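There are 2 protein chains.
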Amino acid sequence: MTRRVEILRRATEVFSRQGVAQTSIEDIARAVGIKREGVYYYFSSREDILLEIILPQSRTLLFNFQNIAAGRAGVQERLHAAIRNHLESYNPGYLEMSVALREDHGLKKKNRGKEEARKMQELRRVWKDYTGLWMALVQEGQGTGQFDPALNPKMVAYGILGMCNWLSRWYHPDGDLTIGEIVETFFAMVSRGIALPAGEGEAGGEAGALALP
Amino acid sequence: MTRRVEILRRATEVFSRQGVAQTSIEDIARAVGIKREGVYYYFSSREDILLEIILPQSRTLLFNFQNIAAGRAGVQERLHAAIRNHLESYNPGYLEMSVALREDHGLKKKNRGKEEARKMQELRRVWKDYTGLWMALVQEGQGTGQFDPALNPKMVAYGILGMCNWLSRWYHPDGDLTIGEIVETFFAMVSRGIALPAGEGEAGGEAGALALP
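So the protein sequences, as listed, match chains A and B. The first sequence begins at 1 in the numbering used here and counts up by one. The second sequence begins at 1 in the numbering used here and counts up by one.
Think of the hints as simulated: they come from the structure by calculation, not from any bench. It cannot be assumed that every hint is accurate.
Put simply, identical chains are the same to the list, so a pair is met inside one copy or across any two.
[Claimed, not checked] Dumping the calculated DMTMM-like pairs for lysine to aspartate or glutamate here, alpha-carbon to alpha-carbon at most 20 Å: (1) Lys114 <-> Asp129; (2) Lys154 <-> Asp174; (3) Lys119 <-> Glu13; (4) Lys154 <-> Glu13; (5) Lys35 <-> Glu140; (6) Lys114 <-> Glu200; (7) Lys128 <-> Asp176; (8) Lys35 <-> Asp129; (9) Lys119 <-> Glu184; (10) Lys119 <-> Asp129; (11) Lys35 <-> Asp176; (12) Lys154 <-> Glu184; (13) Lys114 <-> Asp176.
Every value quoted in this text rests on a predicted model; they were computed, and no experiment measured them.
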């Protein structure tokens with residue numbers, strides 16, 4: 001493990017333990033067992049450290065969804081895979097870290113380094129593209145008659161993201177529920193929740209078909 | 001408007017504008033146009049101010065749901081009313097404020113006043129009771145055969161809360177979507193999402209009934 005990676009790993013631990021807002025560069029240096037200059041050799045600020053934790057995770061999330069979207073599986077299978085991808089990448093500190101990042105970023109607007117501004121811009125683009133893929137999947141299912149076209153794809157996409165991201169506030173890895181169980185429950189809720197109601201449209205499902213002569 | 005209420009109102013504005021973590025008692029005093037002692041006359045700390053913003057809102061949310069739960073409306077109507085209650089109480093700063101509250105609270109564990117500890121305890125109880133009402137509603141619907149008993153009520157409850165709470169991260173009051181539209185979309189997604197699938201059980205719905213001899 002390189003020193004740089006070690007700093008990021010310890011920083012993640014300290015952030016979760018004592019809260020991001022209460023964590024200084026000194027705290028992170030102490031956790032690694034080095035001087036604060038040693039942290040500044042690799043990272044220019046706490047914002048920079050947060051970006052280096054969140055950005056690679058967000059890139060992976062997007063990359064995996066791009067692969068799912070490009071696959072030949074049906075809309076339902078891709079919905080299932082996308083929910084699994086999101087929940088399996090789940091990082092218990094993500095929500096709090098992104099709140100803190102927004103605050104650090106807002107604070108330093110004027111005297112921020114070019115590199116951090118570039119990374120923040122990339123993070124925003126990754127989030128935008130990721131949300132866009134969710135909306136596109138919903139729209140595709142609406143186009144094929146599998147999902148209800150009356151539902152606004154943006155609200156559906158943010159609804160799913162909300163369900164998944166909220167794990168940060170209630171899920172405990174050593175609790176009684178596994179990520180696998182949550183994937184199945186959320187997939188059941190979402191796929192039925194946005195399905196074209198039986199009897200409506202041509203792809204009304206088996207029950208609808210039974211009503212035809 | 002009393003001075004106390006004015007401080008709470010200005011504090012909410014400053015928190016939203018510059019982020020809770022970056023807001024000091026001095027900033028709040030400046031926004032009200034008084035000295036910091038004037039703020040300390042009413043509130044013992046930033047944690048205290050956050051509690052006095054979040055606790056009454058949370059109590060109202062719970063109180064309204066208790067009324068909905070005690071009503072004579074059917075399970076679907078109560079689900080609809082509960083989603084509306086949650087989204088109409090939506091406070092764009094709630095998520096960030098509760099993250100900050102957790103951090104302030106963690107930081108001061110040792111030298112906190114009794115009063116703040118009591119309020120924090122009440123807030124935790126309100127949140128617990130509120131989540132409990134959501135789970136109870138799901139279980140009731142499962143008992144009557146309207147909701148799918150295969151779904152874990154806890155995951156369903158947190159799924160709904162996640163959808164609703166996530167508005168903090170994407171909803172803009174002056175954007176193109178109204179809270180009313182979001183209520184209807186989320187209700188459609190959730191009520192269909194957790195309904196007993198057609199054809200299963202006695203309350204399998206119209207389409208299921210058509211398949212019977």
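Self-check item: Violating hint indices (sorted, rising)
Solution: 1, 3, 4, 5, 6, 8, 9, 11 and 13
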